[in-house]
Amino acid sequence: MRHDHIISAKQLSRADIEAVLDHAADIAADPSAYADRHADTLLGLLFFEPSTRTKMSFTAAMKRLGGDIVDMGSVESSSVKKGESLADTVRVVEGYADALVLRHPMEGSAKMASEFVDVPLVNAGDGAGQHPTQTLLDLYTIRENAGFDDLTIGIMGDLKYGRTVHSLAHALTNVDARQHFISPESLQLPRSVRYDLHQEGAEVREHTELETVLPELDVLYVTRIQRERFPDESEYREVAGQYQIDSETLDAAKDDLTVMHPLPRVDEIAHDVDDTEYATYFEQAHNGVPVRMALLDLLLEANR
Amino acid sequence: MSDDDQQLRVAKIRNGTVIDHITGGQALNVLAILGIDGTGGDSVSVAMNMPSDRLGKKDIVKVEGKELSQNEVDVLSLIAPAATINIVRDFEVIEKARVERPSAVEGILECPNHNCISTVDEPVESRFAVVDDGVRCEYCDTIIRDDLPAHILAD
Numbered sequence: 000m001r002h003d004h005i006i007s008a009k010q011l012s013r014a015d016i017e018a019v020l021d022h023a024a025d026i027a028a029d030p031s032a033y034a035d036r037h038a039d040t041l042l043g044l045l046f047f048e049p050s051t052r053t054k055m056s057f058t059a060a061m062k063r064l065g066g067d068i069v070d071m072g073s074v075e076s077s078s079v080k081k082g083e084s085l086a087d088t089v090r091v092v093e094g095y096a097d098a099l100v101l102r103h104p105m106e107g108s109a110k111m112a113s114e115f116v117d118v119p120l121v122n123a124g125d126g127a128g129q130h131p132t133q134t135l136l137d138l139y140t141i142r143e144n145a146g147f148d149d150l151t152i153g154i155m156g157d158l159k160y161g162r163t164v165h166s167l168a169h170a171l172t173n174v175d176a177r178q179h180f181i182s183p184e185s186l187q188l189p190r191s192v193r194y195d196l197h198q199e200g201a202e203v204r205e206h207t208e209l210e211t212v213l214p215e216l217d218v219l220y221v222t223r224i225q226r227e228r229f230p231d232e233s234e235y236r237e238v239a240g241q242y243q244i245d246s247e248t249l250d251a252a253k254d255d256l257t258v259m260h261p262l263p264r265v266d267e268i269a270h271d272v273d274d275t276e277y278a279t280y281f282e283q284a285h286n287g288v289p290v291r292m293a294l295l296d297l298l299l300e301a302n303r
Numbered sequence: 000m001s002d003d004d005q006q007l008r009v010a011k012i013r014n015g016t017v018i019d020h021i022t023g024g025q026a027l028n029v030l031a032i033l034g035i036d037g038t039g040g041d042s043v044s045v046a047m048n049m050p051s052d053r054l055g056k057k058d059i060v061k062v063e064g065k066e067l068s069q070n071e072v073d074v075l076s077l078i079a080p081a082a083t084i085n086i087v088r089d090f091e092v093i094e095k096a097r098v099e100r101p102s103a104v105e106g107i108l109e110c111p112n113h114n115c116i117s118t119v120d121e122p123v124e125s126r127f128a129v130v131d132d133g134v135r136c137e138y139c140d141t142i143i144r145d146d147l148p149a150h151i152l153a154d
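Protein sequence lines correspond, in order, to chains V and U. So in numbering that gives the first Met the number 0, spot 7 of the first sequence is number 6, and the numbers just go up one at a time. So in numbering that gives the first Met the number 0, spot 76 of the second sequence is number 75, and the numbers just go up one at a time.
Simulated from the structure, these hints should not be mistaken for laboratory data. Yeah, the Cβ is synthetic: ideal placement off N, Cα and C, and Gly gets one too. Keep in mind that a hint or two might mislead.
Covered stretches of chain U (chain V as the covering partner; in silico rule of three or more C-beta atoms under 8 Å from a C-beta of chain V) [to be verified]:
hint : region
1    : 65-71
2    : 105-119
3    : 130-138
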């Protein structure tokens with residue numbers, strides 16, 4: 000794999016994806032073999048909005064490769080609070096680190112930032128835009144549990160603002176998956192993602208109710224419906240209840256259904272699903288470390 | 000009546016640009032692209048919805064003392080794909096060209112997504128790829144299909 004920056008799932012070919020996932024599988028099988036691989040490497044973490052899983056898993060990944068991190072800290076305690084531009088911030092921090100990871104609330108921020116730096120930059124989520132490393136760990140989890148052959152996946156929840164959904168939908172076109180999107184009409188996929196899926200000739204269907212498609216699914220990918228997006232609380236309540244699943248809901252599913260969620264969840268997956276064979280979301284979160292180790296290793300090696 | 004005859008209906012210019020074969024009704028949007036609103040003192044002639052063999056109806060804009068930049072021509076091509084641009088010096092047309100649809104336009108349109116990084120105070124220009132039936136922000140992917148002139152950046 001040879002990319003200077005990882006900005007969007009759209010830039011990843013099937014071969015790129017397989018290379019990262021295969022490497023992640025090797026790392027997961029024997030992590031100690033990679034313990035000193037990047038002993039002198041520093042990864043710069045620039046998180047402009049709160050993050051738990053993504054930030055911690057990048058930190059863990061870099062440290063498990065033998066390297067370390069330099070962390071900008073919270074926005075409140077950084078020069079951003081003084082009005083520094085993102086372009087200036089990344090230009091300064093590239094002098095401290097061998098690669099950068101950026102999480103930012105605005106769409107296109109990673110793309111813009113990458114135009115100002117020479118070290119590899121990884122997009123760790125840009126507003127409602129893209130989240131390509133989440134997609135790689137999602138694909139790893141899907142491949143481990145359901146495989147890529149003849150895959151039927153349902154993606155449910157906030158499809159409009161969910162960056163994990165946008166990235167995953169693009170990547171799934173590479174494995175010719177049948178994609179079913181389940182959401183309230185007000186939270187359907189944005190125009191740009193529909194355009195790309197159409198251009199790619201993806202097999203896509205849209206639904207407002209899970210029941211119509213659940214028995215066909217190999218994977219159900221659930222996302223949080225974001226209350227803060229609704230202008231009226233009662234409108235949120237009306238749709239939110241329709242997109243909750245519990246163990247009873249899953250009676251209609253295939254026995255080997257894989258249920259995924261990028262987390263954090265609120266109430267869209269009941270806790271009684273956690274103890275079923277379907278629940279894969281914690282395994283999915285844990286896969287973030289070997290997958291990010293693999294990606295960082297490939298990027299750093301390619302840019303040595 | 001030929002196109003040449005039609006052009007005589009509006010005054011000849013000494014130096015400047017004549018934009019002909021503009022899609023009927025788009026002349027005011029062309030002026031918006033050129034940043035001409037009458038306050039700058041430019042001498043401008045506009046003919047709208049003139050009969051045209053090629054287009055049915057066309058608009059013509061003549062601007063004294065101005066030659067178009069490539070960026071302006073690129074955006075013009077999106078709303079008036081059949082337009083021809085005539086550069087005039089000393090009342091003579093010294094250059095005549097058709098607009099060509101570009102692959103991208105930069106620094107001319109504003110992204111309508113207020114959460115796009117190109118809309119805030121960062122040292123980058125807006126940049127749009129030209130797609131089948133519109134333009135697409137190269138930062139946030141937002142697609143604009145309708146009413147492109149409404150998204151032209153103010154000077």
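Results of checking the hints against the structure:
1. 65-71: Since 0 is below three, the answer is violated.
2. 105-119: Per the Cβ count (6), the hint holds.
3. 130-138: holds (count 5)
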